[in-house]
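The listed protein sequences derive, respectively, from chains A and B.
Just so you know, we're using my numbering here: the first sequence kicks off at 1 and counts up by one.
Just so you know, we're using my numbering here: the second sequence kicks off at 308 and counts up by one.
Because the hints were derived from the structure by calculation, they are not lab data.
Backbone N, C-alpha and C fix where the C-beta goes; we use that ideal spot for every residue, glycine too.
Among the hints, erroneous ones may be present.
If you want a taste of the chain B side facing chain A, the calculated C-beta under 10 Å gives, among others [said to hold, decoys possible]:
hint : residue
1    : 512
2    : 519
3    : 540
4    : 602
5    : 604
Here are the simulated DSS-like pairs of lysine-lysine, each with C-alpha atoms no more than 25 Å apart in a straight line [claimed, not checked]:
hint : chain 1 : residue 1 : chain 2 : residue 2
6    : A       : 267       : B       : 466
7    : A       : 111       : B       : 365
8    : B       : 466       : A       : 111
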Amino acid sequence: MWQTIFSLVMVTQTIRISIPYILASIGGTFSERGGVINIGLEGMILNGAFCAVLATWYTGNAWAGVIAAVIGGALTALIHAVVSIRYKANQIISGVAINLFAVGITKFILKIVFHSSSNSERVAGLPLWKIPIIDRIPVINTIFSTPLILLTLGIIILSHILIFKTPFGLRLRSCGEHPQASDTLGVKVNLMRYSGVLISGALAGLGGGWLSLDQHCFTDGMSGGRGFIALAAMIFGKWTPLGATGAALLFGFAEALQIQLQSAGVKIPTQFVQMIPYLLTLVVLASAIGRAVPPAADGIPYEPSED
Amino acid sequence: MRKTFPIGLVLLLTIALILGCARKEEEVEATLRVGLVFDVGGRGDKSFNDSAYRGLEKAKEDLGIYYEYIEPGEGSDRESGLRMLAYQNFDLIFGIGFMFSDDITHIAREFPEKKFACVDYTVQPGREIPSNLAALKFREEEGSYLVGALAGLLTKTNKLGFVGGMDIPLIHRFESGYKAGVRRANPKATILVGYAGVTGEAFKNPAKGKEIALSQYGQGVDIVYHASGSTGLGVFEAAREKKVLAIGVDSDQYHEAPGYILTSMVKRVNNSVYNTIKDTIAGQFKGGVHIFGLKEDGVGYVYDENNRDLIPDEVRKKVEELKAQIIAGEIEVPRE
């Protein structure tokens with residue numbers, strides 16, 4: 001029985017489930033490293049998912065959908081950025097508002113375009129790449145034949161380099177830790193923060209694009225709380241792209257385990273099995289894996305000093 | 308300058324809101340004014356809600372009613388939706404889905420002069436159903452039994468799957484009927500079961516549905532039956548990807564994945580909505596529980612030009628025999 005549960009199928013399943021978590025949690029890392037809390041990831045995923053389907057529907061090309069997902073997510077993030085950076089509003093409230101806004105606007109446009117407030121028509125999906133030799137190796141072939149999984153892999157590495165190895169990353173992090181000091185050194189604090197939030201929206205939007213393009217359709221509320229799990233992954237990963245990826249994979253694993261346990265007919269009440277991913281989130285967040293310390297200026301709007 | 312933007316925005320939205328609300332109140336000549344509040348998933352779910360909508364449409368064409376419907380967003384919207392319709396001049400108000408059970412009972416008591424009907428109403432011991440409320444219930448297990456028997460007869464791997472939406476007694480009825488049907492037709496078959504979640508969101512999580520179905524297909528299952536609303540769209544997506552079969556639910560879902568849908572367990576919510584409207588116009592509205600099973604043609608399975616090639620005649624004959632036996636009361640289909 002255990003062999004059917006812990007199989008190669010489960011590995012690929014874990015990866016597929018984790019993709020939106022990974023992208024959104026890395027996005028959150030960019031935003032919070034710059035000093036802006038981003039509760040709105042959920043809404044950015046949803047808007048990204050919707051833009052992907054909308055663009056694919058009109059162009060017939062799923063790659064246009066991918067680009068639209070990124071733009072849609074970034075535009076949603078722009079609202080959050082303007083409200084919390086330009087107008088210094090409470091970032092939690094702004095984030096919550098983004099989430100509610102996304103639920104409403106997607107339904108509204110869904111109804112106008114597809115005459116349904118619940119799901120869209122079927123659209124084209126991304127093609128699978130066939131690569132010889134690699135095609136025969138299990139797991140690896142899934143990764144290399146699915147363009148968005150490959151892209152995610154690239155984004156993980158790139159984000160790590162960008163945040164920790166480049167001047168941009170150093171400036172971004174300094175704005176999240178001590179914006180006054182960065183300002184005196186000539187770093188444009190708000191510009192850095194805008195870019196952090198916009199990148200977070202773009203990545204979360206891409207995560208949404210994966211969700212909807214893999215289903216070939218958009219369903220109302222299809223983000224299903226994934227943005228919040230991504231937030232937990234970001235914190236658990238201690239605001240680093242690699243840590244966030246690891247945490248996202250762990251949550252993805254818990255969800256895959258839950259699915260496998262159910263279909264293997266293990267005699268555990270389903271309600272308990274359903275609980276596993278969330279229970280794991282709680283345990284992980286509260287456990288002694290090390291105190292998660294957010295960037296010092298996270299959530300505090302930057303006020304340049306008067307003198 | 309800093310303040311003008313937010314103030315301007317608020318003004319603009321307020322104006323938009325006022326303009327939006329200033330809809331002209333048209334008094335349409337109608338035999339009956341019907342209001343309806345949809346379930347999670349809303350209109351366009353190509354399943355449960357759309358079936359109710361077809362009932363409304365048919366009543367409009369045949370009987371000349373006027374209708375309006377509301378698609379609620381989250382939980383509390385359902386209650387306020389019902390209440391809003393009750394305050395306006397609607398004669399008959401529908402709540403589509405078991406989630407309305409509590410709210411519609413309260414509101415039916417508050418508005419005794421109006422008629423209410425609730426599809427999939429959950430009867431609770433100790434709670435009296437008001438006389439102006441019709442509880443429309445279906446024997447999902449009977450229809451599920453037939454598609455289960457069909458799947459049991461047609462499986463080549465002797466492995467079948469079931470994907471449920473929210474883990475609740477209503478969906479367990481689909482599961483238990485399906486299992487009983489499979490066992491009757493093919494005692495050797497094993498059935499893998501997966502539920503998408505424990506909240507209403509589980510009815511609109513196609514990504515989860517796809518993963519559950521993929522893992523079942525991966526273990527050798529060749530036909531999956533779903534009772535999971537929009538989550539089932541993911542099940543169909545998995546069937547397409549693996550080039551195997553799936554069974555639809557509530558409405559005929561053939562067109563969601565042509566060629567991959569063996570059949571659909573249809574729950575004729577449309578008929579129940581239509582008949583309730585018809586009865587009300589004729590002054591024969593009856594409160595209390597109404598049950599629609601195979602006998603009343605409230606449930607069934609699809610067999611038409613689309614899937615005729617997938618179902619051999621002798622298989623069809625066997626399933627029809629089982630159907631006759633259920634109608635005659637010779638087979639008792641378990642409800643849980």
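Results for each hint:
| no. | hint | verdict |
| --- | --- | --- |
| 1 | 512 | holds (5 Å) |
| 2 | 519 | holds (5 Å) |
| 3 | 540 | holds (6 Å) |
| 4 | 602 | violated (32 Å) |
| 5 | 604 | violated (27 Å) |
| 6 | A:267 x B:466 | holds (18 Å) |
| 7 | A:111 x B:365 | holds (22 Å) |
| 8 | B:466 x A:111 | violated (39 Å) |
Checked against the numbered hints listed earlier, the structure breaks hints 4, 5, 8; every other hint is satisfied.
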